[in-house]
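Since the structure of chain E is provided, determine the placement of chain U on it from the hints.
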Amino acid sequence: MDMPIPNPEVLANKARIVARLKEVLPPDAVISDEVEVRAYECDALTAYRCPPLAAVLPASTEEVAAILKVCHAENVPVVPRGAGTSLAGGSMPTADSVILGVARMTEVLETDYENRFIRVQTGRTNLSVSGAVEEEGFFYAPDPSSQLACAIAGNIAMNSGGAHCLKYGVTTNNLMGVTMVTMNGEVVEIGGAYLDAGGLDLLGVICGSEGQLGVVTEATLRILHKPEGARPVLMGFDSNEVAGQCVSDIIKSGIIPVAIEFMDRPCIRATEAFAGAGYPDCEALLIVEVEGSDAEIDAQLERILAIARTHNPVELRESTSADESARIWLGRKSAFGAMGQINDYMCLDGTIPVSQLPYVLRRIGELSTDYGLDVGNVFHAGDGNMHPLILFDANKPGDLEKCEAFGADILRLCVEVGGCLTGEHGVGIEKRDLMVDQYLPEDLDIQMAVKDVFDPKWLLNPAKVFPLAASDVRRMAAE
Amino acid sequence: MMRPSNEAELAEFVASADGPLRIEGGGTRDIGRPVAGTKLSTANLSGISLYEPGALTVVAAAGTPLAEIEGKLAAEGQRLAFEPMDHRELLGTAGTSTIGGVVAANVSGPRRIQVGACRDSLLGVRFVDGMGRVLKNGGRVMKNVTGYDLVKLMAGSWGTLGVLTEVSLKVQAIPEAVGCVLVNGLSDVDAVAAMSAALGSPYDVTGAAHAPSGVDGHPVTMIRIEGLEASVAYRAAKITELLEKLGGEVLVERDPTKVGAGWAWVRDVALMQGQAGDVWRVSVKPSDGPEFVAKLRAKHADVSVLYDWGGGLVWIQVAEGTDVRAELFAGHATLIRGSELTRSTIPVFQPEPAPLAALSTGLRAKFDPRGILNAGLMG
Numbered sequence: 515m516d517m518p519i520p521n522p523e524v525l526a527n528k529a530r531i532v533a534r535l536k537e538v539l540p541p542d543a544v545i546s547d548e549v550e551v552r553a554y555e556c557d558a559l560t561a562y563r564c565p566p567l568a569a570v571l572p573a574s575t576e577e578v579a580a581i582l583k584v585c586h587a588e589n590v591p592v593v594p595r596g597a598g599t600s601l602a603g604g605s606m607p608t609a610d611s612v613i614l615g616v617a618r619m620t621e622v623l624e625t626d627y628e629n630r631f632i633r634v635q636t637g638r639t640n641l642s643v644s645g646a647v648e649e650e651g652f653f654y655a656p657d658p659s660s661q662l663a664c665a666i667a668g669n670i671a672m673n674s675g676g677a678h679c680l681k682y683g684v685t686t687n688n689l690m691g692v693t694m695v696t697m698n699g700e701v702v703e704i705g706g707a708y709l710d711a712g713g714l715d716l717l718g719v720i721c722g723s724e725g726q727l728g729v730v731t732e733a734t735l736r737i738l739h740k741p742e743g744a745r746p747v748l749m750g751f752d753s754n755e756v757a758g759q760c761v762s763d764i765i766k767s768g769i770i771p772v773a774i775e776f777m778d779r780p781c782i783r784a785t786e787a788f789a790g791a792g793y794p795d796c797e798a799l800l801i802v803e804v805e806g807s808d809a810e811i812d813a814q815l816e817r818i819l820a821i822a823r824t825h826n827p828v829e830l831r832e833s834t835s836a837d838e839s840a841r842i843w844l845g846r847k848s849a850f851g852a853m854g855q856i857n858d859y860m861c862l863d864g865t866i867p868v869s870q871l872p873y874v875l876r877r878i879g880e881l882s883t884d885y886g887l888d889v890g891n892v893f894h895a896g897d898g899n900m901h902p903l904i905l906f907d908a909n910k911p912g913d914l915e916k917c918e919a920f921g922a923d924i925l926r927l928c929v930e931v932g933g934c935l936t937g938e939h940g941v942g943i944e945k946r947d948l949m950v951d952q953y954l955p956e957d958l959d960i961q962m963a964v965k966d967v968f969d970p971k972w973l974l975n976p977a978k979v980f981p982l983a984a985s986d987v988r989r990m991a992a993e
Numbered sequence: 004m005m006r007p008s009n010e011a012e013l014a015e016f017v018a019s020a021d022g023p024l025r026i027e028g029g030g031t032r033d034i035g036r037p038v039a040g041t042k043l044s045t046a047n048l049s050g051i052s053l054y055e056p057g058a059l060t061v062v063a064a065a066g067t068p069l070a071e072i073e074g075k076l077a078a079e080g081q082r083l084a085f086e087p088m089d090h091r092e093l094l095g096t097a098g099t100s101t102i103g104g105v106v107a108a109n110v111s112g113p114r115r116i117q118v119g120a121c122r123d124s125l126l127g128v129r130f131v132d133g134m135g136r137v138l139k140n141g142g143r144v145m146k147n148v149t150g151y152d153l154v155k156l157m158a159g160s161w162g163t164l165g166v167l168t169e170v171s172l173k174v175q176a177i178p179e180a181v182g183c184v185l186v187n188g189l190s191d192v193d194a195v196a197a198m199s200a201a202l203g204s205p206y207d208v209t210g211a212a213h214a215p216s217g218v219d220g221h222p223v224t225m226i227r228i229e230g231l232e233a234s235v236a237y238r239a240a241k242i243t244e245l246l247e248k249l250g251g252e253v254l255v256e257r258d259p260t261k262v263g264a265g266w267a268w269v270r271d272v273a274l275m276q277g278q279a280g281d282v283w284r285v286s287v288k289p290s291d292g293p294e295f296v297a298k299l300r301a302k303h304a305d306v307s308v309l310y311d312w313g314g315g316l317v318w319i320q321v322a323e324g325t326d327v328r329a330e331l332f333a334g335h336a337t338l339i340r341g342s343e344l345t346r347s348t349i350p351v352f353q354p355e356p357a358p359l360a361a362l363s364t365g366l367r368a369k370f371d372p373r374g375i376l377n378a379g380l381m382g
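Chains as they are written, first to last, in our numbering: chain E, 515 to 993; chain U, 4 to 382.
Hint data in this document are derived by calculation from the structure and do not stem from the laboratory. The C-beta atom is built at its ideal place from N, Cα and C for all residues, glycine as well. A portion of the hints provided could be inaccurate.
[What the hints assert, rightly or not] With the C-beta cut set under 8 Å, the calculated list includes, among others, these residues of chain U facing chain E: (1) Asn147; (2) Ala158; (3) Lys369.
Bound-form chain E, shown alone (with noise of 0.2 Å):
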């Protein structure tokens, strides 16, 4: 992976730097030891490392402005690191940079159950968030598989989605207003407790920017109150194309499931191998989860039902308890783990419309053959967001590049069919260099010039989202 190379003025100051990050965080939050850097040289995607400079643990928002004002008259790169559990290597830092973790920033500012949010620091965890508001029966709706460990912080850089954002949005969609500190350590206020914007939509820009626009360090997310219950079927199918148009066809009916989860034969196989969920060995299976009150359930998956049943599915299978439901979610909840017991892989999270499932599934197939790499896919179907987990051995030679070079191919037919590269994950470096085949230069420029806007000195989380070759210029000019 192609770096920028360090600026050897930072790596010269570094004494500097640390002395003066020391004068303003207690003496614990600064780690500028080779040794303790090692800890934050990756974030989940583990096949690019590098030791940052140092790294800084603030405890607030004044400790975030004042790291960001000392690295910016310093002109240091500044990686912000919520949970560090990016796929995309969202956080991985660059041999100059600090990183700024938010940890030590969990608590809950504010819990407004009347006007339904929560505002927390955004260190806390994504799933301790719906932890804090559980008694009173709310919950905050993103759900990442991530979401016992990963940060909101990471949520709102990365406009995280999750298995249930078919009925409840992604992130951006929940999140309300943010307390952001810009490179320069101001310190803005964007958004609040409040359903629009009183001006330009900065709130929509700031979601998904991957934290190179500043340092989000408090967040108001919107909270509902739990549905009564939820319930899954589960249905298998002997082709893709037919499992396809049935998700197409529940859609069409009106009916708005929580999840449309989609899982195929090399999937399944693996999963049952690991985890002996039960499932049949098809093509092609769906697990479709409804919620409401019991006899709302009943209602919703007898609709359901009637429609898979025109489809001749091999197997529909309903629930009648807790038990069962679990059982059937367990397969899909370990497919990741399952398929890393067979080799080590790489999850892709390509987005495709709907209705372009069947030739995507296909083509991947051929792909596979041509690489000799075997693929499985699990996916959220209803929104066409796919994760085909790519299978290599990182021993083998070669292997790691090949499977690449497999991703790349998939990542590009998503975006030949429509669709785009990545629909939870994000850019981060991963898919950097792909971002040509999604974007014309100008519509890149137009990105670039949103950061110029907040980052004039091109400082925060330097090398993702943009080719480096794209960016050349204003990095350039910034330094």
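Okay, now just chain U, sitting in the frame of chain E:
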């Protein structure tokens, strides 16, 4: 007036423009500080280029009439989830509302509290920036985090960042049944409490509004539920139970025509149509709404009020030239209806704190370096 008939023509016109431009869709939303310049209409960029009911997506040129899109969707049992209002009666304008205008103004109706605003349904845009460059962002798929989200930025930018030429939107199936729980006689404070109770329940409310003076002159609070027939009946009963505890006379309306008319009345702010006075749209924390309204009433006579979005959106009608922001302690206010003079003297959009204003100004300078697109409309 210029009416380019395709995107390339529009781009060329903007590139070669030597003065300010006034961007217009169908001309139904005469909102904002009055703008000088040559009128540039997108009305001739028209037509639906893609509609996939099974994928819940529609792509249309910016000048496509809203009615045409709604008609096409209705034929497949679908609709725009965000329920855009028709501003014509309120503003006394004529013309044909276009989808580009809806997006540029981020027009979102009562269902905003459940499904989000227009910006939340917007999947992608094509637009021409102030230099005449044709740009795109987003696409036509539901989940997309590829690069910065300029889609949201363009929604509600009122033509000040670019001229929209094409939009893709997520659509929604029309539920088979609808119902409305009505509570009569509540004070503003009690009504907001009732709406909060309904919205904080598991019953998936799709509209919550309160008129201190409804069609018959008495206070009425409305809670809408949509879904399968049995679901609507069940949820209406549950919400009735919940609200009876809070006091007031509770009724359930199940006639779809009457429910539809009631919510169109809220959506289009019928209460304030055809009357004298300025109309403001105020965003507040729902529980702050009644206090703001009380302060306003204490200071001014003839204040009309309509609460939507569970109290988070307060429509205010006051005497011409009144700046309601004087009584607003938190939130923001937009002047929707006012004379040109009023709109030139009172800021139409909420003045931003200096650091945010600097960011907005910076963005406009990048998207429209010559400052020719609806210059000054947003202040």
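To see whether the hints hold, each was checked on the structure:
no. : hint   : result
1   : Asn147 : holds (5 Å)
2   : Ala158 : holds (6 Å)
3   : Lys369 : holds (4 Å)
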